[in-house]
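> Following the hints, put chains B, C, D and E with the ligands in place on chain A, whose structure we already have.
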Amino acid sequence: MSLDSSLAIEGKSPAQLAWIRFKKDKVAIVALVFSTIIVTLALFAPWVCALLKIDPYSLDNTTLDSVGIPNSPFGGMSRAHPLGVEPGTGRDILARLIYGARTSLTVALIATFFTTLLGVILGIWAGYKRGIVDGIIGRTIDLLLAFPSLLLIISLAPVMQPRLVSMGFPEGNPARMTYIILILTLFGWTYIARVMRGQALSLREREFVAAAQASGAKTSYMIFKEILPNLWAPIIVYASLTVPGYIAIEATFSFLGLGVVAPTASWGGMLADSIRYFRSDPAYLFIPGTALFLLVLAFNLVGDGLRDALDPKGERAQKV
Amino acid sequence: MSEALEVKNLVKTFPVGKKGFFSKPAGYVHAVDGVSLAIKSGETLGIVGESGCGKSTLGRVMTHLLPATDGQVLLNGVDVTRAKGEELQKLRRTIQMIFQDPYSSLNPRHTVGRIVGMPLVVQNINPAQGRKKRVQELLELVGLNPEHYNRYPHEFSGGQRQRIGIARSLALEPKIIIADEPVSALDVSIQAQILNLLQDLQKQLDLSYVFIAHDLSVVKHVSDRVAVMYLGKIVEEAGSEELYSKPMHPYTLALLSAVPEPNPEKVRQRILLTGDVPSPINPPSGCRFRTRCWRATELCATTEPPLVQISTNHKVACHFPGPTPLPN
Amino acid sequence: GGGGTSADGSGTPAKGGTITYLTIAEQFNHVDPQRNYTGQDLAFFGSYVNRTLTSYAHAEGTAGAEVVADMATDTGTATDGGKTWSFTLRDGLTWEDGSEVTCQDVAYGVSRVFATDIIVDGPTYAISYLDIPAGDEGSQYPGPYKATAEQQALYDNAVSCDGKTITFKLNKVVADFNYTVTLLAFAPVPKAKDTGEKYDDAVVSNGPYKIESYVKAQSMILVRNENWNPDSDPVRHAYPDKVVVNFAQDQAVIDSRIIASSGEDAFLVSMDGIQPENLPTVFGDDKFKNRRVNETDPYALYAAINVNKVNCLPVRQALLVALDREAVRQVAGGEFAGDFADGFISPTIAADYAPNKVLDGVQPTGNPDAAIALLEQAKTTCPDVYAKATGEGLVYDHPDTPTWAKNAAVWIVSMKKAGIVLKSNPIEPGKYYSVVMDEALQGDISRGGWAADWLNSSTVLPELFGEGGFNISQNKKDPAYAAYKALMDEALAQTDRAAQGAIWKKANQYALDQVWAIPTFFGRSQEFRGGNIGGGYLWYPFGSHDYDALYVIQ
Amino acid sequence: MARFVVRRLAFMIFLLAIVSIATFLLFSVLPVDPASLSCGQHCTPEKIAANRIRLGYDQPLINQYFTFMKGIFAGRSYGEGAQAFSCPAPSFGYSYYRGQCVTEMITNALPATISLTIGSAIIWLTMGIGLGVISAMNKGKIQDRVSTGLAIFGLSMPTFFIGLLLIYVFIIWLQIFPFPSYTHFLDNPFKWAQALVLPWFTVAIVSAALYTRLTRDGMLETMSEDYVRLAIAKGLPRRKVLVRYVLRGAITPIVTIAGLDIAVLLGGAIITESVFGLPGMGRLALNSVTDSDLPVIVGITLITAFFVVVANALVDILYASLDPRVRLES
Amino acid sequence: MSKNILEVNNLSVSFNTSDGQVHAVDNLSFNIKAGEVLGIVGESGSGKSVTASAIMGLLTSGNVNLSGSIKLNDFEIVGAKDSEVRKLRGSDIAMVFQDPLSSLNPYYKIGVQIGEAYETHHPDASKAEVRNKVIEVMKKVGIPEAERRIDSYPHEFSGGMRQRVVIAIALINDPKILIADEPTTALDVTVQAQILDLMRDLQKTSNTSIILITHDLGVVAEMVDRVLVMYAGRAVEVSDIKAIFSAPIHPYTKGLLNAVRSLDSAIREKLATIPGTPPSLLNIPQGCAFNPRCSYKQWAGDKCLVQKPELHEIGNGLTACHLSKTDIERMNKDELPVV
Ligand SMILES: Nc1ncnc2c1ncn2[C@@H]1O[C@H](COP(=O)(O)OP(=O)(O)OP(=O)(O)O)[C@@H](O)[C@H]1O
Ligand SMILES: Nc1ncnc2c1ncn2[C@@H]1O[C@H](COP(=O)(O)OP(=O)(O)OP(=O)(O)O)[C@@H](O)[C@H]1O
Ligand SMILES: [Mg+2]
Ligand SMILES: [Mg+2]
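Chains as they are written, first to last, in our numbering: chain A, 1333 to 1652; chain B, 440 to 767; chain C, 6 to 559; chain D, 183 to 512; chain E, 5 to 343.
Chain A with its partners taken away, still in its complex shape (with noise of 0.2 Å):
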């Protein structure tokens, strides 16, 4: 007895489901436009900045008044300089926040990735496992937070700098954001490993899981091949929320001065150097300020449009 017949819903996987679902969230969708543009710009900044005629590193005297202040409205805006111009200095604004989102975006991605990857794989396990593993893992958890982590992060780099350097990373930068993205890591995963943590006990408790058991499936199939696909949809989400978070917070570390070093240009770094300006040349706050947002949103905005579409919440929620 064949029920062919009865099968009228058209198959669609989950995924192309969400897709849909996603495709319907107008603003998520020109914030995903957003997003790509800057991270093709980023991607291909040397190539951006040549064909605009524009350079981060290039002094321009010739726009700046004798104490340094852009000697033109609206922070030395002009054809030559599209946003204007550092006081100071005279560096092209546009041309340092385009290779500044490259730093941004390296190391709140990369970060992300890690992030993700430590706290999916000691989430679940702890959630899978239970028991001591879970103790011990929970334990970290309330243990890193209860630290200061923004304190230790800056209180530890001049000691860590130099250990990774010793390591092996070449010196300055890359050591500078290969600490940064270790760090975040370090102190990030605990969150989606509590999600993540969460899922897998519930999870555990699907008869599918058993019936895996029931066969035989080692927990390392259970881990990778029976309970991880289930939750692509929060790792998905919560890596893509994850970004936003990171792009900030990298920015309020260059802001702190632990970012990368001159003349290499940061996001932060501007709007740290932008306070003695406050009164003379307020573009020079708004324009980085603005720009670091206006990325923070996007991602924020894809993140959440992820969110809506992936893990879709509260539908049932009874009016009141």
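Just so you know, these hints were derived from the structure itself, not from any lab.
Hints may be right or wrong, so weigh each one.
Taking lysine-lysine and the DSS-like style, the derived pairs with C-alpha atoms no more than 25 Å apart in a straight line are [to be verified]:
| no. | chain 1 | residue 1 | chain 2 | residue 2 |
| --- | --- | --- | --- | --- |
| 1 | D | Lys252 | C | Lys203 |
| 2 | B | Lys529 | A | Lys1461 |
| 3 | E | Lys91 | E | Lys75 |
| 4 | C | Lys421 | A | Lys1385 |
Okay, now just chains B, C, D and E with the ligands, sitting in the frame of chain A:
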């Protein structure tokens, strides 16, 4: 008929109220408390009882999904509860499980082909004709279109999903299948389909079933023998005919009388038990049913009645067994 | 203080009122006179709290560089060709508790300098000048806290009291020792009140004001020292009734409040100059003309070259000529940052300053072509350094702040024009000097700045390129050093000031010829105060306010 | 319940011990030598060695740890003879760089931080929960869109940028506020508030955004609970259902997170305090890092960890005492 | 017979979801008289609970499309102001939900949760009055030691006791209609028997009308006077209880009854089945929704594939089937051949 599976004095407890690494549990749930059973090959043993009486736990210990606290589960003379590694892996091929919830028992991210083929993969079995072919055969066997190999579970209805689960349990060509409430989550019209399928498969493949359910009428349809559980213990065990026509344990009596009859013309006399099933953490002393039993005396509080053979095909654990329905 | 909001900073000196200073600092570096060694702190405590045997005149311009008698009756008597100096205390000198300031108090104060485990950070002229035998490390005398009787005798022999006269026996001729004793390290301390380490929190005043409270990161309040005897003090004016210092202020906040100068804010004085972005505002508007100061200060700014690493004169010369000093100055604030420097001796030390010729051919914006030519030379004479400078790159040390990061960028860009590769090495600001002074950690080029301890290049040139403690050019192994050392020795032994000045000028030229460091500009300071405060000028010896001269306009 | 409290407190103490050990170990790897920090110019290795002995850094780490822990309970004295001085209990060490007891520095910094924390917590909780409630109640409608839109805007603003923006807009451009200069509440409550308004909002905006989301999601989740459906079926007025059922169910995770957030803030809002120049814990921390002032860093780390761990325990206990299922367990 | 107290006419409910429109209830009409017990049966997802929610006026969220009319004692619920409907809820119509565990708020004492229902509709009642009323109703639903247990929390109650609490909440204001949505599905048979017994007693003493929603035909047989059978959001048959068991007038009802097991059936007897599965509500078959599973459809020609059958009277019952009256009678007697 030979004995396919034998359960001897099986005990399973769960610690409760354990909060940290170092703390002691506040108590233990006596989920299964000294159960002995035997399943002959080709036979269906029904296990009924109210929620929380330990049916699922019993099933899970039998398949080594849970370690036993004490006792044995003998399969071809090997104790499943102590088996490890290779040996356990082999035993798993003989004894498989069908689950209650057709929604949670299939991995939503896997295709039907992958779900049904999973046991072959984890057991590293490569059938001569290839895994895909074998899976398609299985699908056909349970009445599904083999073309559905690449579809996802969410594209199927509850009944069809349950068929997929059954196909999966057959992949390793087991001898014994533990079916834990396989139809409770299905609609009536679908339940019939699945029950019929299970019966057909049994004949075709010479399977033994342990059929767990809380619904006495379902059990009646499929079982050769029925065991009634109450708070982790078997209180009565008999051939189906015998049990339904001549129940001896007051609990069985009450259970049978409580089943609503789908016939408005027929008014059955009903034994209304008072109260609920007591907590399995602190089960009553003596006979566990005494707190709800109309026949209970002092004796029941002090002495636990053993499960005794009262006729060739009938065991009961009661100090005052008898078919008298009415409390008086 | 009183009300008026329209005050424009002009008035006549008068007593009374409260002056409130704002600073971004969390606290004074040191309050303990023996540990006090930064220009601003010396000027502040020298004006208000601590009196020394001699001090600088409270006067504008070069007049302020003149040493005058303070606690002493005159500016000291040198005997033995300048190897023995004695000073006699005036009558009526008192501590804040009314007791008399004795000669022993002065001797005790100076002795504390030797307790180098506790009395840290202060100048150590006492140790290097006083005639006390040297031990394995430093002096045989370990300071008053640990000294045995014999050790104390060594000190008492070098510094002795005879009634009110104190005599210092020196181990060499120090022609300007009466300038040395202007340092607060030579201030008296009452032995009975010395609390060692904790003396840094509360000192006993012998000046016109005493410390009423001092809460770090918050405020210090000074009130009149009723036991200060004005008759004994011809130097200080002691105008305000009360002096308040508010710490841990935001630079932007300080500027904004003083620019507005409204209400109570008219009584504010900034201790930190003006941030660059406000310079156009403050100096572009005449309404601030009585409230602002823009003067050359005693600092010479430069970038030291680690000569051990860059031991190749043509490369150093290439660095010197390639630098776009215009851009460097632009980052620091343009013309407000200072004038282009042509050496290491600031024109404020008029006696020793002479214009140098070396930089004449180099435009302020740098001369890459000349640099390239010099590098060509280096290619053959010192290929290793050449390779590093044009390949792997030279390391440029600078403090890790936005401004210095930009400074580094300017260096990198201007060197690049000449084909020189520079790598930035940002160092935590708080640790900058301890890092660059450690040769193992220092890069190839390190920024620096230095001002004379008193108006004599003896506190500059030996420090920067000689045996002094601030030599970050690491030039002692340079073959050219021997000639320089000879000049130093000659100058230090020279008691005739004019002749000495001539030698300093030569040495200055010599250091520049060897390009042990690249001078950038002679610092310029801006000071700023509220409309109800008068009397501000840049006090020459310290490059800061003359705190004593500031008064509340009544 | 009593058993639960005891156990939770025991775990808290255990965690504190671990945290203090971890902190000690962590900072022992710093290349900073506190002995050389107090040595000044013209330092020699001998002097540093002598200093090290004087300050106790010559001791094995474990002894240093116990001396430190003892100091917390019994106070600690440094040096000997006439030059000795001491930091009374609870002593978190002594900063040679600043010449001050760490405890004193922290107590000086706490008022500003507490003012910042409490003020901003009030703002973000009311704003966040308020918007969250509005949003959840009007799911899908314009109010919801606006609230969630605001939330995502807030979330996308890095704290330091908000701070800078507020300074620019309200101080420099509109000149509504003077440049903040922190005054103690008791000295002048008005100036106190005036200096804190912008920092409050700076801290509050990001958190408010987060709490809007938390509240909204939590409420929507509770709204799909059966007991809410039954409450509606009883005919309870809307307000009552919202407050007693929906909010009551949604508030618990918010309380936990708020407890933690507030505790973390009490350890200092590094960014906000440094942007606004508030003399609080965060700024103290940042300055100490810049100065490599190890004892202060250790002190602040421990204090912050202490706040977090204690807050966590308190929240757990509060949580349990609010939940009858736990309360009645034993 | 007495007057209808509830009249539902042409009720249609659909939900807009991200996957498309879900037609949960389609053109449903039925009524109920005072003191009557109406059973609504149907397979999972056939729209039973949605119908109940519609009557309670609970379908107000943004993604619901609701049309038709629901009249309670001549008061129109569809489109009424929320505040008006709120007054009815819990007083005139009360509801008991399936899961007694999740229906009670874990944070409040059960006395409070019961009392609330009374206070809301009797704002002037004093505390003591409310308390007495609560104890009274608790006793009525058979909760022992009501005076003591009024201060217990839900988790201290067993499943059966909790369901009694939920029923007490429903009954405290003497509602005219009680909607019980699968009130015993989550309970064990022995407990189910207790609860059914209780409901039967209460119904008899207070003459409340009950809408009993269930998919257990055994429960229906024991409890109700009249049955409404739903399939894919539509009513397919409305008949008296006895009639439906003896002579179902819709092929679906017939199939359902055949598939039901009872304790009387023989051991290991093969069950009759309805082939296929219920349709997805996103994609209801054209014509009669049951047609793909119907064994008699060729007797009605092509109609079944194109035209939705309307409810019409056959004998004492209503059916929505294109089969002619004679064919239905033949079907009853198993004379109509199955294909
Ligand atoms: N992992 C576990 N930890 C603690 N207690 C458990 C666990 N699994 C089951 N129990 C308890 O053991 C008892 C028996 O549970 P089991 O699931 O076997 O009952 P059941 O008869 O299958 O009930 P149901 O009909 O509800 O499925 C119950 O009281 C249950 O709460
Ligand atoms: N709020 C909602 N949003 C979208 N779809 C809904 C909503 N509520 C119910 N549905 C859908 O409406 C259909 C009918 O649901 P309903 O709950 O009435 O079924 P039921 O007959 O009560 O089934 P069961 O026996 O499983 O309780 C289902 O397909 C369900 O998915
Ligand atoms: Mg079970
Ligand atoms: Mg339902």
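> If a hint holds in the structure, say so; if it doesn't, say that too.
Each hint tested on the structure:
{"no.": "1", "hint": "D:Lys252 x C:Lys203", "in the structure": "23 Å, holds"}
{"no.": "2", "hint": "B:Lys529 x A:Lys1461", "in the structure": "24 Å, holds"}
{"no.": "3", "hint": "E:Lys91 x E:Lys75", "in the structure": "15 Å, holds"}
{"no.": "4", "hint": "C:Lys421 x A:Lys1385", "in the structure": "19 Å, holds"}
Consistency with the previously given hints is maintained throughout, with no hint failing.
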